[in-house]
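Protein chains: 2
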Amino acid sequence: MGQAKWIWYPGDFEHYHHMLLSFRRQEYGCDYPCVWHISRPEVSARFLRSFTTEHDGVFTVVTRGKGMVRLDGALRRVNEPIEVDKGAHEIAVELFDLKTFPSLFIDSDVLITDETWQTEIYDARPVPAACEPAFSSAADDPAVFPFCYRALEPVAVESVGNGLLYDFGTEQFGPVRVSIPEGVEITLVYGESRAEALDPENAIIRETLTARDEPERPARAFRYISVLGGNAKNVGLKALLEYLPIGDKASFTAPDPELNEIWALCAHTFHLNTREFFLDGIKRDRWVWSGDAYQSFMIARYLYNDPGVTERTIVALLGKPPYRRHVNTINDYSAFLIISLWEHYEAAGRLDFVRSVWENVKALYAFIVSRLDENGYAVHRDGDWIFVDWGELDKSDPVCFEQIVLWKAHHAMAALAAAMDEPDKTYTVRADALRSRVLRDFWDEEKGAFIDSFTSGRRFVSRQTNIFALLYGFVDGERKRSVVKNALLNPSLPAITTPYFKLYELLALCEIGKIGEAQDYISAYWGGMLKAGATAAWEAFDPTQTGDAHYAMYGSPFAKSLCHAWGSGPILLLCRYVAGVTVSDGGKAFRVAPVPGRYKSFSATIPVGEGSVQIDYESFFVTVSASVPGGVFFDGKTETPLQEGETYTFRLSE
Amino acid sequence: MGQAKWIWYPGDFEHYHHMLLSFRRQEYGCDYPCVWHISRPEVSARFLRSFTTEHDGVFTVVTRGKGMVRLDGALRRVNEPIEVDKGAHEIAVELFDLKTFPSLFIDSDVLITDETWQTEIYDARPVPAACEPAFSSAADDPAVFPFCYRALEPVAVESVGNGLLYDFGTEQFGPVRVSIPEGVEITLVYGESRAEALDPENAIIRETLTARDEPERPARAFRYISVLGGNAKNVGLKALLEYLPIGDKASFTAPDPELNEIWALCAHTFHLNTREFFLDGIKRDRWVWSGDAYQSFMIARYLYNDPGVTERTIVALLGKPPYRRHVNTINDYSAFLIISLWEHYEAAGRLDFVRSVWENVKALYAFIVSRLDENGYAVHRDGDWIFVDWGELDKSDPVCFEQIVLWKAHHAMAALAAAMDEPDKTYTVRADALRSRVLRDFWDEEKGAFIDSFTSGRRFVSRQTNIFALLYGFVDGERKRSVVKNALLNPSLPAITTPYFKLYELLALCEIGKIGEAQDYISAYWGGMLKAGATAAWEAFDPTQTGDAHYAMYGSPFAKSLCHAWGSGPILLLCRYVAGVTVSDGGKAFRVAPVPGRYKSFSATIPVGEGSVQIDYESFFVTVSASVPGGVFFDGKTETPLQEGETYTFRLSE
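Sequence order for the protein chains is A and B.
Just so you know, we're using our numbering here: the first sequence kicks off at 22 and counts up by one.
Just so you know, we're using our numbering here: the second sequence kicks off at 22 and counts up by one.
If you're looking for bench data, these hints aren't it; they were derived computationally from the structure.
Quick caveat, the model's predicted, so the values are computed rather than measured.
One or more hints might be untrue.
No copy is singled out in the list; a pair is fine if it fits within one copy or between any two copies.
[To be verified] Result set (SDA-like, lysine to any residue): computed pairs, CA atoms no more than 20 Å apart in a straight line: (1) 87 to 120; (2) 120 to 45; (3) 87 to 239; (4) 87 to 230; (5) 87 to 46.
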């Protein structure tokens with residue numbers, strides 16, 4: 022017998038925890054439900070297995086739900102020992118759970134539960150059961166997410182006006198236990214900044230509590246917590262860090278202490294946002310956004326290269342059909358989700374995972390296609406949000422940006438369908454027709470770039486659209502050079518103002534070899550954030566601001582997230598472009614093409630497939646060794662295959 | 022302000038209670054989950070209203086879930102007083118409920134909740150909110166089904182072996198409260214028959230209890246309950262009847278005491294099966310079956326003519342898309358559900374109800390169509406159950422019966438689509454093409470009837486198929502006469518053996534004027550059941566059996582339901598064919614065409630539209646008066662319009 026694991030119907034674990042997560046947002050003392058449709062897990066499922074035992078035995082179907090067992094057709098009870106004779110048997114377990122989702126666990130010397138079981142939701146379509154390595158004993162409960170906890174000690178406790186202010190030294194996330202004496206009423210104010218914790222009116226998270234309330238307060242973001250009220254000094258407060266035990270597989274160090282601090286800041290930020298799913302930020306909405314997740318997938322692939330949270334996030338974002346609105350209600354985000362799955366498959370393989378979501382992905386794609394116009398353009402339909410970015414854009418229908426991501430999604434579907442043994446030319450036919458039409462309608466020969474809209478008459482050129490034309494390989498040759506010159510490097514176009522899109526701009530700069538510019542930006546932007554006192558990467562940073570002005574956003578003094586996943590972008594830039602490592606073919610192939618840029622030396626470890634590659638650079642010379650096969654080194658001119666376990670030294674072309 | 026009511030997203034109430042109901046089955050001490058897919062209610066919903074108040078005021082959004090209020094865009098809390106100035110306002114309430122479903126209640130002099138609110142599940146498709154008249158005060162809870170309760174007194178308590186046997190005199194359904202002294206263990210055995218209650222091994226429902234168990238036992242079916250165990254005489258037991266307060270609108274009496282007893286037996290049976298939804302029977306599976314419900318809809322239309330349970334049942338059976346399997350996994354049952362909705366619309370109007378389920382009905386129909394073969398025939402696909410009936414049939418694909426109900430479903434869709442202002446010729450084009458093909462492939466000229474299958478070579482003629490050809494008007498003229506002679510009245514064909522189909526056979530006999538045969542059958546079958554000791558109508562009755570053999574079915578001594586909804590068929594036969602009342606045009610038109618058959622006199626009150634028609638028959642003369650307009654009387658030869666409130670006497674043609 023192998024390792025027994027709790028099993029359930031695929032997706033139920035993710036939908037259940039996504040549901041809990043989506044309804045935990047609070048603001049100014051109000052519950053703030055998620056503003057898009059959230060799918061519930063299934064209420065019932067059937068689990069099936071044929072097995073043969075060489076000896077008589079006993080097993081128990083452990084479940085926290087209810088139901089029954091059919092062993093060779095005979096009715097048996099769950100949670101009671103079941104005897105079985107030696108020989109061949111058929112078992113079916115029928116379960117329901119009105120509160121969470123059906124799951125079961127069997128560990129015996131005649132039968133165990135694991136992913137070799139089949140399961141169906143009474144749809145006559147059995148599929149392999151799902152499990153998570155964290156749930157492997159009868160005492161585990163898949164309805165409780167397997168976080169780890171560690172006590173946090175405040176670095177300072179300070180008396181303030183009518184209470185105490187706890188400073189935990191750095192951005193944290195976790196539950197807080199308060200001990201409130203009878204008759205005392207306190208206000209607990211959470212602050213990512215000191216100013217926020219001292220402003221109960223404007224702090225995003227605050228609550229008034231007495232001894233009658235549950236002493237264990239839900240996990241939330243904080244660096245500071247103030248306990249305010251008449252007898253606040255008699256109130257005990259213990260905070261825990263709630264985290265996932267995921268170790269980093271990537272590192273990047275340079276003889277520049279600030280750069281190392283930036284890496285540490287980004288990694289700390291990214292781990293805080295790595296939870297049941299990728300969060301956008303840990304304080305404010307804590308919902309799962311496809312656009313934010315797309316960037317997190319890219320960063321995670323380098324930092325710790327663990328498929329778990331990426332795959333849970335894809336399942337949660339997909340939800341369940343029927344699809345009546347785009348992912349997060351945003352057109353671009355539906356396309357990004359499909360592209361994300363394809364990029365995940367390219368980098369990690371994981372064909373079984375792709376198979377487990379394939380029906381839903383096809384349904385989402387069918388929804389996208391059902392809303393295209395007669396020209397195959399993605400257009401605004403009832404309930405749609407054409408987002409792109411917060412900056413200045415001409416969003417008159419149809420919008421060029423939407424077509425470029427749609428074109429990429431068509432190609433992603435073609436590749437995924439081929440991987441699923443369902444090759445279908447429709448996808449690439451649609452993609453090719455769309456590209457021809459976009460080049461005809463949106464390419465402005467005079468401006469030498471794509472315009473956002475051809476219907477408004479404005480002929481407005483945005484960086485965003487042209488950055489994606491470049492990043493997605495929508496153009497090459499002369500047109501690509503023109504896009505670089507007339508959009509990407511054109512100072513007269515409106516600047517990118519959001520860190521969300523800034524990361525794409527930096528990726529595009531790196532793609533055209535302007536590593537030095539990206540490095541300068543990292544120093545100025547993230548270095549500036551550090552100087553302004555950041556202990557995690559912020560949602561946005563404006564170097565011209567000072568003091569508490571940094572914390573304001575969306576018209577509210579503390580609405581800015583001070584721990585935002587997209588703030589971890591330098592990890593991606595340093596690993597992919599400075600260390601220069603890219604993975605393909607499901608993790609089986611990789612390429613090392615370092616571009617040190619302005620750095621005189623650096624040392625990097627980057628995960629590739631099941632192993633890693635070590636890269637040490639010092640004044641034009643690079644030493645490289647990989648623990649796995651499939652690598653090639655590119656010095657700027659020629660490629661050299663890398664043998665597993667061998668150490669190479671190359672001189673980079675200048 | 023009108024009557025304030027709790028409101029929710031349409032369907033949530035039904036899906037929630039259907040979910041609870043579907044997982045209450047127990048057998049031999051095991052939980053026995055429903056074997057088809059059950060839809061959960063939504064976890065979150067938004068509720069919207071514009072309103073104007075002439076004066077300042079205060080209201081509270083009462084909810085058992087969580088969420089927030091946006092009043093003119095400003096955040097407010099639920100369950101706390103909200104002040105509002107006089108003038109025009111916009112309110113949005115965003116709610117979630119992880120356990121049940123989102124619902125809210127506002128009762129104030131500035132704003133109330135009712136069906137004038139809009140609601141959406143974040144799909145940008147607002148629809149009118151749903152409510153039930155039973156939930157009209159802040160203390161109500163839509164997650165608790167509004168049953169009524171009445172104490173039941175046993176007619177006898179008898180010492181048996183190691184315990185006590187309670188006899189409640191007649192079939193009942195409800196919760197039981199036991200008071201078990203500390204240290205005592207008892208077995209509670211429920212029996213629809215005395216024999217069942219005294220056979221803990223074979224009784225369907227039995228459980229072992231101690232003082233540690235919840236003293237209030239779930240509502241179950243029983244006439245007898247035995248309390249067995251060492252100290253059973255010290256155990257208290259109180260039983261309650263759980264019921265819906267629906268008063269009968271129909272009555273039918275004759276100078277034949279047995280016939281009146283049969284009516285009472287049928288009405289008692291039908292009320293016991295009228296619950297959250299129409300049950301097939303109250304003891305065994307207590308799941309909602311479309312085929313059984315179809316007959317219940319017909320009976321309910323006469324007995325109490327209350328749309329509530331019919332509509333809840335239709336919503337529950339529809340569930341939610343995507344459809345991956347037929348209703349109850351049975352092909353015929355998907356078709357019956359669509360036909361049921363159309364017949365409900367014909368009899369009751371209720372356009373708003375049809376609109377509320379229309380999207381799901383179209384999705385179910387699209388699922389049906391997606392599984393037809395290239396000839397438009399309904400055929401067996403993976404996961405399908407071609408049921409028809411338990412009797413002898415040739416089910417070689419394609420099966421004629423399935424095509425006839427499909428043909429009717431095509432027509433039902435055409436009529437419903439027209440009512441929804443979405444006229445579409447596709448439906449009738451499909452129906453006509455199907456009929457032509459069926460007449461070509463399944464009509465056997467030599468046998469003068471439809472054969473079940475043309476592919477097996479058996480050319481088998483079943484009553485079932487030909488009964489539906491007749492009932493659904495699939496044939497007329499010469500073919501109809503041939504079907505009557507060669508199938509319906511052909512003694513050499515296998516007899517109908519299930520009471521389920523027996524009702525259709527009796528309907529067909531009545532349709533061709535053979536009322537007397539139906540009356541004889543009622544006396545023999547239901548009269549026989551009464552003589553065998555029935556206190557409710559049984560699932561099946563075989564007059565050749567004696568004693569406890571009556572209670573056996575499905576290979577188990579007590580598996581037969583002794584209170585089965587389809588056993589109430591005489592109500593339908595007496596009202597529709599003897600009293601002769603049929604309703605059409607959404608309840609606005611009705612026809613009275615009595616056929617006394619073998620009865621010398623009878624007196625009937627039958628609901629029509631919002632009123633009723635009174636019919637008294639005595640030796641060829643009928644006195645008729647209707648409380649509503651729209652009626653015509655048919656004496657067998659000519660039609661006479663009936664004026665509302667007038668009393669008429671007609672002599673029937675002999």
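For each hint, the structure was consulted:
1. 87 to 120: both (11 Å within a copy, 16 Å between copies)
2. 120 to 45: both (17 Å within a copy, 15 Å between copies)
3. 87 to 239: between (29 Å within a copy, 15 Å between copies)
4. 87 to 230: between (37 Å within a copy, 18 Å between copies)
5. 87 to 46: Between copies, since 11 Å is at most 20 Å while 31 Å is not.
The structure meets every hint from the earlier list without exception.
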